[in-house]
Amino acid sequence: MKIKEEMKGDVLIVSLSGKVIGGPELMDVKTVFQSAVNHDVSKVLLDLGKVTWMDSSGLGVIVSGHTTLSRAGGSLRILNATKKIHELFIITKLITIFETYNDEQEALNSFGE
Amino acid sequence: MRTIEIRLPSELSVLEPLQLFVESIGKYVGVEEDELSSLSVAVIELVKNGMEHGNGNDPEKIVTISIDTFQSRIRFHIDDEGIWEPDMAPGFDPGEGEELLSCRGRGVLIARNLAKWVEFGLSPKGKTRVTLIWPLN
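Just so you know, the sequences run in chain order E and L. Following the working numbering, the numbering of the first sequence begins with 32 at its first residue and continues without gaps. Following the working numbering, the numbering of the second sequence begins with 1047 at its first residue and continues without gaps.
Calculated from the structure, these hints are not laboratory results. Given the structure is predicted, the values throughout are model-derived calculations rather than measurements. Check each hint, because a few of them may be wrong.
[As the list claims (entries may be wrong)] Distance ranges between label pairs, derived from CB positions:
{"hint": "1", "chain 1": "E", "residue 1": "Gly-104", "chain 2": "L", "residue 2": "Trp-1163", "range": "40 to 46 Å"}
{"hint": "2", "chain 1": "E", "residue 1": "Ile-128", "chain 2": "L", "residue 2": "Leu-1168", "range": "33 to 39 Å"}
{"hint": "3", "chain 1": "L", "residue 1": "Glu-1106", "chain 2": "E", "residue 2": "Met-58", "range": "22 to 28 Å"}
{"hint": "4", "chain 1": "E", "residue 1": "Arg-102", "chain 2": "L", "residue 2": "Ser-1118", "range": "49 to 55 Å"}
{"hint": "5", "chain 1": "E", "residue 1": "Gly-40", "chain 2": "L", "residue 2": "Gly-1167", "range": "50 to 56 Å"}
{"hint": "6", "chain 1": "L", "residue 1": "Trp-1163", "chain 2": "E", "residue 2": "Asp-59", "range": "31 to 37 Å"}
{"hint": "7", "chain 1": "E", "residue 1": "Lys-114", "chain 2": "L", "residue 2": "Glu-1062", "range": "17 to 23 Å"}
{"hint": "8", "chain 1": "L", "residue 1": "Ser-1070", "chain 2": "E", "residue 2": "Asn-69", "range": "39 to 45 Å"}
{"hint": "9", "chain 1": "E", "residue 1": "His-117", "chain 2": "L", "residue 2": "Ser-1118", "range": "28 to 34 Å"}
{"hint": "10", "chain 1": "E", "residue 1": "Gly-40", "chain 2": "L", "residue 2": "Ser-1070", "range": "41 to 47 Å"}
{"hint": "11", "chain 1": "E", "residue 1": "Thr-98", "chain 2": "L", "residue 2": "Leu-1066", "range": "30 to 36 Å"}
{"hint": "12", "chain 1": "E", "residue 1": "Ile-128", "chain 2": "L", "residue 2": "Pro-1181", "range": "28 to 34 Å"}
{"hint": "13", "chain 1": "E", "residue 1": "Asn-140", "chain 2": "L", "residue 2": "Trp-1163", "range": "43 to 49 Å"}
{"hint": "14", "chain 1": "L", "residue 1": "Thr-1049", "chain 2": "E", "residue 2": "Lys-35", "range": "42 to 48 Å"}
[What the hints assert, rightly or not] Only pairs whose alpha carbons sit at most 27 Å apart, straight line, appear in this in silico DSSO-like list of lysine-lysine:
{"hint": "15", "chain 1": "E", "residue 1": "Lys-114", "chain 2": "L", "residue 2": "Lys-1073"}
{"hint": "16", "chain 1": "E", "residue 1": "Lys-50", "chain 2": "L", "residue 2": "Lys-1107"}
{"hint": "17", "chain 1": "L", "residue 1": "Lys-1073", "chain 2": "E", "residue 2": "Lys-50"}
{"hint": "18", "chain 1": "E", "residue 1": "Lys-81", "chain 2": "E", "residue 2": "Lys-39"}
{"hint": "19", "chain 1": "E", "residue 1": "Lys-115", "chain 2": "L", "residue 2": "Lys-1073"}
{"hint": "20", "chain 1": "E", "residue 1": "Lys-114", "chain 2": "E", "residue 2": "Lys-33"}
{"hint": "21", "chain 1": "L", "residue 1": "Lys-1073", "chain 2": "E", "residue 2": "Lys-81"}
{"hint": "22", "chain 1": "E", "residue 1": "Lys-124", "chain 2": "L", "residue 2": "Lys-1162"}
{"hint": "23", "chain 1": "L", "residue 1": "Lys-1162", "chain 2": "E", "residue 2": "Lys-50"}
{"hint": "24", "chain 1": "E", "residue 1": "Lys-114", "chain 2": "L", "residue 2": "Lys-1162"}
{"hint": "25", "chain 1": "L", "residue 1": "Lys-1162", "chain 2": "E", "residue 2": "Lys-115"}
Don't be surprised by glycine CBs; every beta carbon is placed ideally from N, CA and C.
Only chain E is shown next, with the shape it has when bound in the complex:
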């Protein structure tokens, strides 16, 4: 799994790619969310478009990020969830918690609403 970070305005876009299959590398994702809050960035857009495989451990990290950012007064939103990942969000009912988008600009605009 690879992690890429990019600031667009006051929103941090975190892009994951490859397999999200558990293990110590997931701690790196948690660290990204915590680091954002430490730097007064509380609006994060998580791009999952290049994630080729994900299980519950990935969902756990996303929920952790949601909690971290919400406590800081911000939010975590999801971009480009694949069909399979979207299915996991539905199964676990996390779809009721997260705002999901397929268009980056629309997602970025949503933070200002």
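Please arrange chain L on chain E, whose structure you already have, making use of the hints.
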């Protein structure tokens, strides 16, 4: 019917090779291409549960996966060295109420929804056995 048995230490590092292996087996026996990742997610969720709840993530303890292929289905027996009951595992079903935002415990819920058949029971050794059956077209 043919049986394949693999024995894995309770270490997360085995999961990625296992994912590739499960999808290879699935492809070989005719699981639809679009369903291969769902199959591997379901199997790995159950293996991880066995590693954690059955084996306490002790790398010395083994999860054994027995795969049997039939004309119309593929069956996975996933045996660990514990006797945990899924309903007793913390966070077993976080899909309801306040547990919706739990950071863990979704594995069995996901496996049960992705796979056509998931059943918990005991192996001949009296340890936890999870059976997953995936129909083939």
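Against the structure, the hints:
no.	hint	in the structure
1	Gly-104/E / Trp-1163/L: 40 to 46 Å	holds, 45 Å
2	Ile-128/E / Leu-1168/L: 33 to 39 Å	holds, 36 Å
3	Glu-1106/L / Met-58/E: 22 to 28 Å	holds, 24 Å
4	Arg-102/E / Ser-1118/L: 49 to 55 Å	holds, 50 Å
5	Gly-40/E / Gly-1167/L: 50 to 56 Å	holds, 54 Å
6	Trp-1163/L / Asp-59/E: 31 to 37 Å	holds, 36 Å
7	Lys-114/E / Glu-1062/L: 17 to 23 Å	holds, 22 Å
8	Ser-1070/L / Asn-69/E: 39 to 45 Å	holds, 43 Å
9	His-117/E / Ser-1118/L: 28 to 34 Å	holds, 29 Å
10	Gly-40/E / Ser-1070/L: 41 to 47 Å	holds, 44 Å
11	Thr-98/E / Leu-1066/L: 30 to 36 Å	holds, 32 Å
12	Ile-128/E / Pro-1181/L: 28 to 34 Å	holds, 32 Å
13	Asn-140/E / Trp-1163/L: 43 to 49 Å	holds, 44 Å
14	Thr-1049/L / Lys-35/E: 42 to 48 Å	holds, 43 Å
15	Lys-114/E / Lys-1073/L	holds, 20 Å
16	Lys-50/E / Lys-1107/L	holds, 26 Å
17	Lys-1073/L / Lys-50/E	holds, 19 Å
18	Lys-81/E / Lys-39/E	holds, 19 Å
19	Lys-115/E / Lys-1073/L	holds, 18 Å
20	Lys-114/E / Lys-33/E	holds, 20 Å
21	Lys-1073/L / Lys-81/E	holds, 22 Å
22	Lys-124/E / Lys-1162/L	holds, 19 Å
23	Lys-1162/L / Lys-50/E	holds, 24 Å
24	Lys-114/E / Lys-1162/L	holds, 19 Å
25	Lys-1162/L / Lys-115/E	holds, 16 Å
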